[in-house]
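Protein sequence lines correspond, in order, to chains A and B. Mapping of the first sequence onto the numbering used here: residues 1 to 453, in sequence order. Mapping of the second sequence onto the numbering used here: residues 1 to 184, in sequence order.
The hints are simulated quantities; they were obtained by calculation from the structure and are not laboratory data. Treat the hints loosely; a few may be bogus.
Straight-line Cα separation of at most 25 Å, SDA-like style, residue types lysine to any residue; simulated pairs [said to hold, decoys possible]:
| hint | chain 1 | residue 1 | chain 2 | residue 2 |
| --- | --- | --- | --- | --- |
| 1 | A | Lys-370 | B | Tyr-157 |
| 2 | A | Lys-279 | B | Thr-90 |
| 3 | A | Lys-368 | B | Ser-171 |
| 4 | A | Lys-279 | B | Gln-59 |
| 5 | B | Lys-153 | B | Val-76 |
| 6 | A | Lys-279 | B | Gly-65 |
| 7 | B | Lys-153 | A | Lys-370 |
| 8 | A | Lys-54 | A | Arg-129 |
| 9 | A | Lys-422 | B | Tyr-157 |
| 10 | A | Lys-196 | A | Leu-435 |
| 11 | A | Lys-279 | B | Leu-57 |
| 12 | A | Lys-196 | B | Tyr-157 |
| 13 | B | Lys-153 | A | Lys-368 |
| 14 | A | Lys-411 | B | Gly-65 |
| 15 | A | Lys-279 | B | Ser-171 |
| 16 | A | Lys-196 | A | Tyr-391 |
| 17 | B | Lys-153 | B | Glu-95 |
| 18 | A | Lys-415 | B | Lys-153 |
| 19 | A | Lys-422 | B | Ser-171 |
| 20 | A | Lys-437 | A | Lys-279 |
| 21 | A | Lys-165 | A | Val-143 |
| 22 | A | Lys-422 | B | Lys-153 |
| 23 | A | Lys-68 | A | Val-194 |
| 24 | A | Lys-196 | A | Asn-214 |
| 25 | A | Lys-346 | A | Lys-279 |
| 26 | A | Lys-370 | B | Gln-59 |
| 27 | A | Lys-196 | B | Thr-111 |
| 28 | A | Lys-411 | B | Leu-57 |
| 29 | A | Lys-279 | B | Ser-148 |
As the structure is a computational prediction, the values presented were derived from the model and not from experiment.
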Amino acid sequence: MRKKILLLFVFCLILKSSISYSLVEIDITRGNLDPLPISVSPFFADETSKEKIKKNLNIDNLGQEISKVIENNLRKTGLFDTLDNESFLQQPDIAHLKPRFEDWALIKSQVLITGKVTSKIINEKDYIRIEFKLWDVLGAKMVDGFSLTTVPTNWRRVGHKISDKVYERLTGERGYFDTRIIYVAEEGPKTQRVKKLAIMDQDGFNTKYLTLGNELVLTPRFNPTNQMVTYLSYFRNMPRVYLLNIETGKQEVVGDFPGMTFAPRFSPDGKKIIMSLAKDGNSEIWVRNLETNIQEKLTDHPSIDTSPSYSPDGKYITFNSDRSGYQQIYVMRSDGSKVKRISFGKGIYGTPVWSPRGDLIAFTKLHKGKFFIGVMRTDGSGERLLTENFYQEAPSWSPNGRIIIFYRETKTDDKGQGFSAKLWSIDLTGYNERLVKTETDASDPSWSSLLGN
Amino acid sequence: MNLSKILKNAFLVVIIGLIVTACATKKSVKTTPTESTTTTKAAETQKADPIEKLDALMQGDVYIGTDTVGELASGVPDRVFFATNETILTTASRETLRKQAAWLRQNSDVTVVVEGHADERGTREYNLALGERRANAAKDYLMTYGVSSDRIKVLSYGKERPVDSGSNPLSWSKNRRSVTVKAN
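Whenever a hint applies, use it, and build me the whole structure from the sequences.
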């Protein structure tokens, strides 16, 4: 299977020079073996601005730090080769005004990013204005750019917004850098794990803990339309689905159910939560409308029905059921009708999650003692396994549907030592598998939508 | 698979199972649950790689040892064990639960929580459901033996609270359990 994937995706990166833009473009629908050389010139700041910013943020060279955010984002896609700053011949300020393209071509850079940071005072408050330009080195011209003004503490987000712009311009697809990941931070021995909700920027910075670890919390998921989160909490030993506003910290239990509710997920419009209710040894899928407070049972079967996930148009739900005797993936209409099994490969299947593009379902598969993260079409055809390990599960899609983040646990040794849980990401092509660094052990990741303004 | 084939396989499997038990050779445990009947389980046991001598501690892949077992009351074991992905109570489990029921009938002021657990070899959400199913299997049995349902709460922990942190079939078998805990 893996070989097949390799064959299918061993194509070189195609760099097209389209007539309209004459800009290099990246085809990311294929595997990437030849990343595009790109230079991110350190963003320039005049001395007055530097001093001001140093006073505000205690950062000596903010321009350079913003460049690093961009470089880091682009490099981690596996699509770009960010060139070493040491090799840059031109000064950042002059490059930003008008690059000497020969100099950049000499170090084999095809794309150049330059920028400028200025401090500003508006209504007696400090702001920073950040300007960025994207240059096509071979075409010898500027192809994109913008400037924006924001509060100084927002500087990393500006780096992410620039990264998104560059990614969109060069790949033709939406970016995913100005996003956050919510996950479960884990600590302590395996038999007594302490779990907290944590949130961080997509690149691992700005980690914040949202619960204290007094009660077990699991499976946080973002509302795709705002900064609300739904998750499972064992508060007062009553496992129930909760809703959390991460701006205000306000939490509330979702609905009034006579048993354990779990496996929550928002509908694409963010107005409903689907979840499982377990009662008297049977788990069924329910939906609760957060505006009307009407809750409705969608499945009716003596088997376990869980892990529901909506299609992006909201018309269908994929879920996990063992009604055939063991765990398989099913699809039904969002009113619960027309239930159809779609997974028929060897092994058992769990945690189906519909891609934000609508064409694929990511899943966890257990076969011959190994766990796989894979994708299949929504009719179950075209199954592709992306990664294999001792234990891994819980795929979550990047908002542009290009990357899957999941968690992986290690096998313990004979003495039960050596357990760890970490977040990993992998490209849809099966390439570019990466550890996502977190302050503590981590599991159950969920990727937010693009943050907007 | 047609019916005659199933029957034929099941028959073979039973024979193999008997031979395996009779010889008391190395027992091994499947890690991938694929079927729900006990007969096919025996077949998989036969096929899977042998791991270690577990004769005294596991039957099929159900834990039969005592080293993690606590007491609900003197002489009354607090827990029962399950096969991979299963919620069926074994003969030994039923015996344990009858003891629990007898004790609960004698101590009618006691209420309990039956905690359901799964091993780490399953997805988190499915295991939460599986733990709930196991806890209810134990609860139902207690009710059959005269304990009223309002004295028994169930609480599933899925795979969140293993007693054994090992990553091997024996550890997993200890973790697939329901535990009856006094609530007052």
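Going down the list of hints, with the structure as the test:
1. Lys-370/A <-> Tyr-157/B: Roughly 23 Å separates the two Cα atoms, so the pair holds.
2. Lys-279/A <-> Thr-90/B: Answer holds: Lys-279/A to Thr-90/B is near 23 Å, not above 25 Å.
3. Lys-368/A <-> Ser-171/B: 18 Å, holds
4. Lys-279/A <-> Gln-59/B: 30 Å, violated
5. Lys-153/B <-> Val-76/B: 19 Å, holds
6. Lys-279/A <-> Gly-65/B: 30 Å, violated
7. Lys-153/B <-> Lys-370/A: 35 Å, violated
8. Lys-54/A <-> Arg-129/A: 15 Å, holds
9. Lys-422/A <-> Tyr-157/B: With a Cα-Cα distance of about 21 Å, the restraint between Lys-422/A and Tyr-157/B holds, given a limit of 25 Å.
10. Lys-196/A <-> Leu-435/A: Between Lys-196/A and Leu-435/A the Cα gap is close to 20 Å, so the pair holds against 25 Å.
11. Lys-279/A <-> Leu-57/B: 32 Å, violated
12. Lys-196/A <-> Tyr-157/B: 16 Å, holds
13. Lys-153/B <-> Lys-368/A: Status violated; Cα separation ~36 Å.
14. Lys-411/A <-> Gly-65/B: 23 Å, holds
15. Lys-279/A <-> Ser-171/B: At roughly 28 Å apart (the allowed maximum being 25 Å), Ser-171/B and Lys-279/A break the hint.
16. Lys-196/A <-> Tyr-391/A: 21 Å, holds
17. Lys-153/B <-> Glu-95/B: 20 Å, holds
18. Lys-415/A <-> Lys-153/B: Outside the cut-off at roughly 34 Å; violated.
19. Lys-422/A <-> Ser-171/B: The hint holds at about 22 Å.
20. Lys-437/A <-> Lys-279/A: 38 Å, violated
21. Lys-165/A <-> Val-143/A: Holds, at roughly 11 Å.
22. Lys-422/A <-> Lys-153/B: Given pair Lys-422/A, Lys-153/B is violated - Cα atoms ~34 Å apart, limit 25 Å.
23. Lys-68/A <-> Val-194/A: 34 Å, violated
24. Lys-196/A <-> Asn-214/A: 8 Å, holds
25. Lys-346/A <-> Lys-279/A: Answer violated: Lys-346/A to Lys-279/A is near 30 Å, above 25 Å.
26. Lys-370/A <-> Gln-59/B: It holds: about 23 Å lies between the C-alpha atoms, which stays within 25 Å.
27. Lys-196/A <-> Thr-111/B: 30 Å, violated
28. Lys-411/A <-> Leu-57/B: 21 Å, holds
29. Lys-279/A <-> Ser-148/B: 17 Å, holds
Violated hints for the displayed structure, listed by number in ascending order: 4, 6, 7, 11, 13, 15, 18, 20, 22, 23, 25, 27.
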